[in-house]
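Residue numbers (my numbering), protein chains in the order written: chain A, 1 to 377; chain B, 1001 to 1054.
Keep in mind that the hints were calculated from the coordinates and are not lab data.
Computed from a predicted model, the values in this text were never measured in an experiment.
Some clues are possibly wrong.
[Unchecked claim] Label-pair restraints from in silico Cβ distances:
hint, chain 1, residue 1, chain 2, residue 2, range
1, B, 1024, A, 201, 47 to 55 angstroms
2, B, 1011, A, 59, 17 to 25 angstroms
3, A, 16, B, 1019, 35 to 43 angstroms
4, B, 1013, A, 27, 18 to 26 angstroms
5, B, 1005, A, 181, 50 to 58 angstroms
6, B, 1015, A, 218, 31 to 39 angstroms
7, B, 1005, A, 197, 16 to 24 angstroms
8, A, 97, B, 1009, 23 to 31 angstroms
Backbone N, C-alpha and C define an ideal beta-carbon position, used for all residues, glycine too.
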Amino acid sequence: MSGLAVAAPAGQGGRTGARAALVAGALAAVAAVALFVGARYGLMLAIGLGFGITLEGLRFGFAGPWRAMILRREPAGVLAQLLAIALVAVVAIPLLGRHGDELSGAQAPIGWAMVGGAFVFGAAMQVVLGCGSGTLVNAGSGNPVGLLALPFFAIGSFAGAYGLIWWTDLGALPILSLRGGFGLAVTLAGLALVAGLFWALGRPEARAIPGRYLLAAVLLAALGIANLLVAGQPWGVVYGLGLWVAKGAAAMGADLGGSAFWAAPGSVARVQASLLTDYTSLSNLGLIAGAFGVAAWRRDGLTQPLPRYPARAWVATAIAGLVMGYASRLAFGCNVGAFFSGIATGSLHGWVWFAAAFAGAFVGIRIRPLVGLEAKP
Amino acid sequence: MTRRFTAALLALGVAGLVAFDLRTAPPNPYHAPAAFAFGSGQAASGGFCGALPD
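Take these sequences, add in the hints, and give me the full structure.
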């Protein structure tokens, strides 16, 4: 008994020390980037940490709530997502109207490849149960499926960008945006309409939004607005992942001149510059680190045993990661860049992305048990 | 085997990525932009997944 009594405080002391080290490490990383790269970049890393801590700490995301709605008619998570988007839109759309010379939205054209890419992305993200941000959070918290999917996601993002212009040349509309007071009103009305539809389709006893989802929605919105004010552009994920691979390919002597995307002057400059000056790379790194920090902070976060899956599940994870990366570039973003930031900054492509990806999610949910990533229903 | 192993793998990967980046493209803090794009008077110029190449 006395041995146990002594051991418990010692264990607690060790955990307190480890937690203090986590906080100190995060602060030191932000300070180092701010000092040695630039204040804006340090802020972007801090914002990324906030995203990671919010998503992992409150167990919130995009793929899971879609699955809950489709399989169990639980709309709370999707309603919280729509709330977060609405909160960002209330600030972002007026700001973009008045400060369009300094701030840019997630504006992209609607096209055949965009719609197809969103559908395929929606399916693939349900296979690994992680979208763009979800894959980063899962990897950061030690989930082996997220860890395996992540490098393939990055390779797919690079490859999708490589051929992006060929795909958009198949047919695309001009960029269509909702602007000003009218644009904000239409966006909020659209979000309310979709929320009402999900609410009506949901099971009555599952309609209430839990407090942690409400908190996550408010925090994500605040961080999304901060991202816009600091970087001058909304929160995004997949561009940074493709850039990591482009830098590696260029360092190994690959000629990126054959790609209209990677040979463009802006892309060349970013491939040559430090990743620590790329906004999406910084928020991605912060997101991973934030999720890791939360997992390490929890008593049982990193001590969970790794799940056992058949070989075909791991192969499917790698393929799904690759497909997610490629499709998200064709779709001009993932749940973050297209759905969250696109709708919140008035881009109509965000709405089309949402419809196509949600339809794709029905397919992905059926594929997931077939490849051994869960027990067959 | 626990998540400690996979988290450690990820930490190694991220550390390797940052080390590779610092070696191939050392940043220059003296060329850093203003802390906030909002109010800076400068156009946004970062790469974004929704943007066509510039």
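Taking the hints in turn, this is what the structure says about them:
1. B:1024 / A:201: 47 to 55 angstroms: 51 angstroms, holds
2. B:1011 / A:59: 17 to 25 angstroms: 22 angstroms, holds
3. A:16 / B:1019: 35 to 43 angstroms: 30 angstroms, violated
4. B:1013 / A:27: 18 to 26 angstroms: At roughly 23 angstroms between Cβ atoms, residue 27 of chain A and residue 1013 of chain B fall inside 18 to 26 angstroms, so the hint holds.
5. B:1005 / A:181: 50 to 58 angstroms: Once the Cβ atoms are compared, 53 angstroms apart, the range 50 to 58 angstroms for residue 181 of chain A and residue 1005 of chain B holds.
6. B:1015 / A:218: 31 to 39 angstroms: About 33 angstroms separates the Cβ atoms of residue 1015 of chain B and residue 218 of chain A, which means 31 to 39 angstroms holds.
7. B:1005 / A:197: 16 to 24 angstroms: 43 angstroms, violated
8. A:97 / B:1009: 23 to 31 angstroms: The hint (23 to 31 angstroms, Cβ to Cβ) is violated, given that residue 97 of chain A and residue 1009 of chain B are roughly 45 angstroms apart.
Comparing the model with each earlier hint shows violations of hints 3, 7 and 8; every other hint is respected.
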